Amino acid sequence: MAEDLPSRHVDGAAGDADAAVLTRTPVHERHVALGARFTGFGGWEMPVRYGSIIDEHRAVRSAAGLFDLSHMGELWVNGPDAAAGLASALVSVPGRLAVGRAQYSLICAPDGGVIDDLIVYRTAPERFLVVPNASNREVVAAELASRLAGRAAELDDETLTTALLAVQGPAARAILQPLTNLDLGSLRSYAAAEARVAGFPALVARTGYTGEEGFELFVAWDDGPAAWDALLVAGASHGLLPCGLGARDTLRLEAGMPLYGNELDRRTTPLEAGLARFVHLERGADPPGVHDFVGRAALEAQLAGPLPRELVGLVLRDRGIARHGYAVRHPGQPEPIGVVTSGSQSPTLGEAIAMAYVPPSAASAGTMLAVVIRDAAVAAEVAPLPFYRRTR
Amino acid sequence: MDVPEALRYTTDHEWLRLESAEALVGITAYATEELGDIVFVELPAVGRHLQKGEAFGVIESVKTASDLYAPLGGEVLAVNEALATQPELVNAEPYGEGWLVRLRADDPTAADDLMDAAAYRAQIGG
Chain Y
0 MAEDLPSRHV DGAAGDADAA VLTRTPVHER HVALGARFTG FGGWEMPVRY
50 GSIIDEHRAV RSAAGLFDLS HMGELWVNGP DAAAGLASAL VSVPGRLAVG
100 RAQYSLICAP DGGVIDDLIV YRTAPERFLV VPNASNREVV AAELASRLAG
150 RAAELDDETL TTALLAVQGP AARAILQPLT NLDLGSLRSY AAAEARVAGF
200 PALVARTGYT GEEGFELFVA WDDGPAAWDA LLVAGASHGL LPCGLGARDT
250 LRLEAGMPLY GNELDRRTTP LEAGLARFVH LERGADPPGV HDFVGRAALE
300 AQLAGPLPRE LVGLVLRDRG IARHGYAVRH PGQPEPIGVV TSGSQSPTLG
350 EAIAMAYVPP SAASAGTMLA VVIRDAAVAA EVAPLPFYRR TR
Chain F
0 MDVPEALRYT TDHEWLRLES AEALVGITAY ATEELGDIVF VELPAVGRHL
50 QKGEAFGVIE SVKTASDLYA PLGGEVLAVN EALATQPELV NAEPYGEGWL
100 VRLRADDPTA ADDLMDAAAY RAQIGG
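In order, the protein sequences belong to chains Y and F.
Just so it is clear: in the first sequence, position 1 is 0 by numbering that gives the first Met the number 0, and no numbers are missing.
Just so it is clear: in the second sequence, position 63 is 62 by numbering that gives the first Met the number 0, and no numbers are missing.
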């Protein structure tokens with residue numbers, strides 16, 4: 000069995016260059032007290048599970064889960080040119096967001112390869128919060144700073160002064176409402192508002208990575224532990240469980256959401272990953288016209304012909320679990336035609352599910368393929384994403 | 000940590016119960032706690048002969064896949080068919096309903112070379 004790697008732990012200090020130096024979130028001691036098992040993730044020491052990943056996953060689908068996501072980045076972009084600068088840096092046009100709205104977006108390299116996927120929140124006319132993945136925070140900050148150079152816009156990396164907690168699940172609103180002055184019923188999906196939660200100033204966002212209703216709460220780093228405690232107490236009678244990265248991964252996989260490092264990387268474009276709807280080639284109104292951004296030319300060129308590969312969902316039709324890196328074949332043929340990017344046993348569906356890149360000719364729902372699992376070709380059927388969608 | 004006295008143990012966290020010339024094999028409670036939820040178990044065909052130390056199957060958790068190694072050489076007499084639909088039995092009863100395979104041991108005395116409960120407890124730091 001794998002042993003935990005020995006590592007040096009640094010409280011609140013950025014440390015990504017040396018893989019053995021892991022940053023701890025402000026809530027770390029709570030996870031230890033709850034019996035969490037940890038892993039290094041994007042330079043941070045993160046809880047993988049507190050007990051059973053399946054129990055944590057099921058709690059989110061049936062009640063609620065509490066996640067410490069303080070490893071995610073918080074990059075504030077402020078100034079008269081913030082909107083225009085971000086529009087040139089990202090595949091979307093954040094300036095079209097009303098104040099209090101958010102959007103999923105991506106930052107690409109000139110060749111169209113994805114540097115990161117992220118969420119952008121507009122909290123004021125000239126104030127935006129960009130939330131990159133932990134593993135890409137420093138690269139994204141550097142790229143944004145470079146792309147904003149010469150503009151009237153400042154970038155402030157507040158990651159190490161911000162804690163991020165998420166409450167996700169059908170009971171999330173009932174758990175959080177008594178703790179906040181914000182009317183959660185009036186907070187739309189992909190909206191955010193400043194409020195108080197458990198007595199602390201917070202940015203409350205109705206966003207998430209699980210496919211359930213839920214809220215992500217940005218609070219000051221030092222308020223993280225007390226906010227965590229308050230949410231755990233408030234959630235106890237609702238069946239709230241603390242949840243780690245293990246359940247976070249099985250939940251987002253069921254919801255068909257990509258994970259940077261699996262479905263997305265520098266050699267993959269948003270179009271190949273099925274994210275064309277987030278790429279805005281036109282500015283829309285005010286002002287209308289072409290949306291020029293880093294990577295636009297490469298993505299426009301890719302749109303001119305068939306994609307080299309497409310991301311699909313797979314459901315295993317024989318015994319076996321497909322996992323990252325496993326080869327995909329046509330049934331009965333020995334040559335690999337694609338590769339699995341993520342896969343696991345789905346607690347909600349009771350089936351083994353996966354995402355994979357395959358040629359467009361093999362990407363239609365219902366296509367029968369095979370995944371190579373330890374030298375055996377196991378039948379898998381192409382299925383539409385997401386695998387799971389909450390029914391209201 | 001549950002480490003039954005009557006069993007023998009391997010450094011790969013497997014247990015073995017010798018019943019005259021037959022050996023029942025499984026993985027320990029320590030192993031199931033390290034692995035977490037077991038979601039898939041691949042077991043050998045009945046009748047296959049295993050060498051001591053040979054990989055005979057795979058046990059998968061949500062996050063990992065681990066090989067299983069034969070603690071003794073012998074012929075596979077039976078495998079736990081229930082695990083095909085209820086892999087979680089390994090977590091629930093690692094020494095009972097979650098057993099993996101039953102072997103006819105080529106040399107039952109080889110079980111004496113495996114760790115006893117005290118030695119295994121020391122290995123896992125308990």
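The set of hints was computed from the structure by calculation and includes no laboratory data.
One should not assume that every hint holds.
[As the list claims (entries may be wrong)] Chain Y regions said to be covered by chain F (calculated; three or more residues, Cβ under 8 Å): (1) 273-279; (2) 318-329.
[As the list claims (entries may be wrong)] So, partial list: chain Y residues that the calculated Cβ filter (under 8 Å) puts toward chain F: (3) GLY245; (4) THR249; (5) SER343; (6) THR347; (7) ARG373.
None of these values were measured; they are calculated from a predicted model.
Beta carbons are placed, not taken as given, at the ideal position from N, Cα and C, and that holds for glycine.
If you take the shortest Cβ to Cβ gap from Y:THR347 to chain F, is it below 8 Å? violated (13 Å)
Holds or violated: Y:ARG373 as interface residue toward chain F, Cβ cutoff 8 Å? Since chain F brings a Cβ to about 7 Å from Y:ARG373, closer than 8 Å, the hint holds.
Quick check: the region 273-279 of chain Y, covered by chain F? Criterion 3+ residues, Cβ under 8 Å. violated (count 0)
The region 318-329 of chain Y covered by chain F? Criterion: 3 or more residues, Cβ-Cβ distance below 8 Å. holds (count 4)
Given Y:SER343 as an interface hint, is its Cβ closer than 8 Å to any Cβ of chain F? Holds: closest Cβ of chain F sits about 6 Å from Y:SER343, inside 8 Å.
Does Y:THR249 pass the interface check with chain F, least Cβ-Cβ distance below 8 Å? For Y:THR249, the interface hint holds, since the closest Cβ of chain F sits about 7 Å away, which is under 8 Å.
Under the criterion of a CB-CB separation shorter than 8 Å, is Y:GLY245 in contact with chain F as hinted? holds (6 Å)
Comparing the model with each numbered hint stated earlier shows that hints 1 and 6 do not hold.
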